[in-house]
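Residues per chain, in single letters:
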Amino acid sequence: MAPKPPRKQSVNMGKGARKRDEDSGTEVGEGADEWAVSKATVRPPDQLDLTDAELKEEFTRILTANNPHAPQNIVRYSFKEGMYKPIGFVNQLAVHFSQVGNLVPKDSDEGRRQHYRDELAAGSQESAKVVFSDAEILEEDEEPKEAEMEAGSQTDIPMAEVAEKVAEEELMSAKQPKERKLTNQFNFSDRASQTLNHPLRDRECQMEPPPRTNFSATANQWEIYDAYIEELKKQEKTKEKEKTKTPVAKKTGKMAMRKLTSMESQSDDITKVSQAAKIVERMVNQNTYDDVAQDFKYYEDAADEYRDQEGTLLPLWKFQNDKAKRLAVTALCWNPKYNDLFAVGHGSYDFMKQSRGMLLLYSLKNPSFPEYIFSSESGIMCLDIHVDHPYLVVVGHYDGNVAIYNLKKPQSQPSFRSSAKSGKHTDPVWQVKWQKDDMDHNLNFFSVSSDGRIVSWTLVKSELVHTDVIKLKVEGSTTEVPEGLQLHTVGCGTAFDFHKEIDYMFLVGTEEGKIYKCSKSYSSQFLDTYDAHNMAVDAVTWNRYHTKVFMSCSSDWTVKIWDHTIKTPMFIYDLNSAVGDVAWAPYSSTVFAAVTTDGKVHVFDLAINKYEAICNQPVVAKKKTKITHLEFNPIYPIIIVGDDRGHITCLKLSPNLRKMPKEKKGQEVQKGPAVEIAKLDRLLNLVREVKTKT
Amino acid sequence: MTEVEETLKRIQSHKGVIGTMVVNAEGIPIRTTLDNSTTVQYAGLLHQLTMKARSTIRDIDPQNDLTFLRIRSKKHEIMVAPDKEYLLIVIQNPCE
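So the sequence lines, in the order shown, correspond to chains C and W. Note that full-length UniProt numbering has the first sequence beginning at 1, numbered continuously upward. Note that full-length UniProt numbering has the second sequence beginning at 1, numbered continuously upward.
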């Protein structure tokens, strides 16, 4: 078929060209070539012009299984050889279409599982079919029976019931998942009903809340300490109660306690501020008298260095009270325990104008108002404070009575009082002094009076019992008188002082100017007599250090210093005015001070100047006031001076007045009574030598 | 009772004293010589200060206790004396 193949070829070519050039749409149409009768070959304009030789060339076509799209020279890097190497075999697989199917092989797990499931389902269906078939059989059986028993209309229901029952049983026994009945609006309808819901109501009830109070406290170290202390006190109290009181007494005690507590709550609360008020008053006073307080504490007169040997007295506080304005200061005494507390006795020295008396106790801390006030009907002439019991003050009155005031009990009346029955003096009591407690630990004091008696009073079971110690007799005054009328003229004692060491020995000064040395044990005789003064002896005091030396002062303007073994005085000083009082200084055996009625205070220091005072200073404002008494403070370098107007002035001693023996170079400063005694001894020896010479 | 009253009177009439007041444990003034507003102010402030001062003293040594408190300012001096239940406050102008 030579002619045809070229035609065919050409046709094929044409077809091939058609196939190849699919997008050339210049052909007439598909499948029309066989029906075209034309012999002339129609050549498309763009067909290749090939020569016959080229046309005859055979092209072989091979069908291979090679994927034309697969790459032919894939090269991979070989790490082993370290170079790129062509891969020998290239995958020629070309996937044209893939789809994931859901066919599972029978033998795989999934397959077997499915199969098993299917079998079960099929099995149940079959059993159900069997049941239903049985039910049908049953139905058939029952029908005639039931038809006999009941009416025909009811047969359906029992049958259905039976069927349902059986079906249910079967289903329950099989334990299979139920065949879900597909619900649609044709075979299923929802039927719902709602029960009546009771309306909910809140029911509440509330009680009265328990009463509440806010409590807050701190637990500090000191609060804990306080609690412990209280507990301790309670325990001690209960112990005491158990010891002392009986059960009956306990009850009364409790009742009393209850009454007390109720009373306390009722009483005005302001009483509890008393302590605070006192403190504040002192503070206020301290502020007002601030400069005075500073002076008292710290001021030392620097001018004393230039004054040779003289000293001065610096006025500090002035104490006065309205109630005691008209009364003279008749007695002064410092409290032995509390160094800022002193007692002042007010009365009158005037024989004609006798009025009431007052006992005031002042503290330096409060110059404006006394700490304690006691008033009495009769003027107070003397007072003394007990050394061991600083709250006991014994007082001697102008009317001869003695009284003891207890500062602990704030009554205005004395705790104990003598009376005419109990042996009071018939004349004013000029001096009282506490003594040591007697054998039975009873308080004991002595008093001297113008009636010539020196009486020892003892406080026995809250009563004053008196014992006449001595009756002062004036020697040589008993004139010769018929025996029945022997008058014993009695000397009037005006002052006395007990020896510091020798307990039983004491000195008495009289109005006649004599000083008697007496003993407590001898009631009728004197140990010694000194013709001391021309007028009444106002004061007698033993030296605090030197046991032999004492001093006396009188209204005859003189102050005399004695050695009790010698009848004549060692030193005599004339002060140009009646001397009201003398006192030894507590810090030196050679220093003493005297006050006169012309309002001056004289301070002497025998170690410095034996003949003259080293200080001579008017103290009171008005010239006519007389200074009546003087006292040195045991600790502070101050003196208090009382005058007849009822004022008390406190003065500070300048350094010159307080000179202590100078320290010799290299030697220790010796302090103490021995030094003082030695000092005075030297002076006395000098005087004695002089005397013996003359 | 009268003794305390007298003491307070004396304090009030003392030289330089501007006012006194008594305050109870809760800081409420019981007695005063100043006007109400000043009193209330003083009472409240000083009460706290006193408590603090007392607490300080006692913390350092529980056996110790505060006796009084003085505050000196340019114009005057305030003195506080605490008691177990009460507080006594005095304002004084110390004449210098």
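The hints are simulated quantities; they were obtained by calculation from the structure and are not laboratory data. A few of these clues could be false.
[Said to hold, decoys possible] Here are the simulated lysine to aspartate or glutamate pairs, EDC-like style, with alpha carbons at most 16 Å apart:
#	chain 1	residue 1	chain 2	residue 2
1	C	272	W	77
2	C	471	C	427
3	W	84	C	226
4	C	659	C	226
5	C	272	W	83
[Said to hold, decoys possible] Derived CB-CB ranges, DEER-like:
#	chain 1	residue 1	chain 2	residue 2	range
6	C	390	W	2	22 to 30 Å
7	W	2	C	352	29 to 37 Å
8	W	36	C	239	45 to 53 Å
9	C	199	W	27	49 to 57 Å
10	W	36	C	217	29 to 37 Å
11	C	215	W	9	34 to 42 Å
12	W	66	C	471	27 to 35 Å
13	C	233	W	36	35 to 43 Å
Ideal placement from N, C-alpha and C gives every residue a C-beta, glycine not left out.
Comparing the hints with the structure gives:
no. : hint                     : verdict
1   : 272/C - 77/W             : violated, 24 Å
2   : 471/C - 427/C            : holds, 14 Å
3   : 84/W - 226/C             : holds, 12 Å
4   : 659/C - 226/C            : violated, 50 Å
5   : 272/C - 83/W             : holds, 8 Å
6   : 390/C - 2/W: 22 to 30 Å  : holds, 26 Å
7   : 2/W - 352/C: 29 to 37 Å  : holds, 36 Å
8   : 36/W - 239/C: 45 to 53 Å : holds, 50 Å
9   : 199/C - 27/W: 49 to 57 Å : holds, 56 Å
10  : 36/W - 217/C: 29 to 37 Å : holds, 30 Å
11  : 215/C - 9/W: 34 to 42 Å  : holds, 38 Å
12  : 66/W - 471/C: 27 to 35 Å : violated, 59 Å
13  : 233/C - 36/W: 35 to 43 Å : holds, 40 Å
The structure does not agree with the numbered hints 1, 4, 12 stated previously, though it agrees with the rest.
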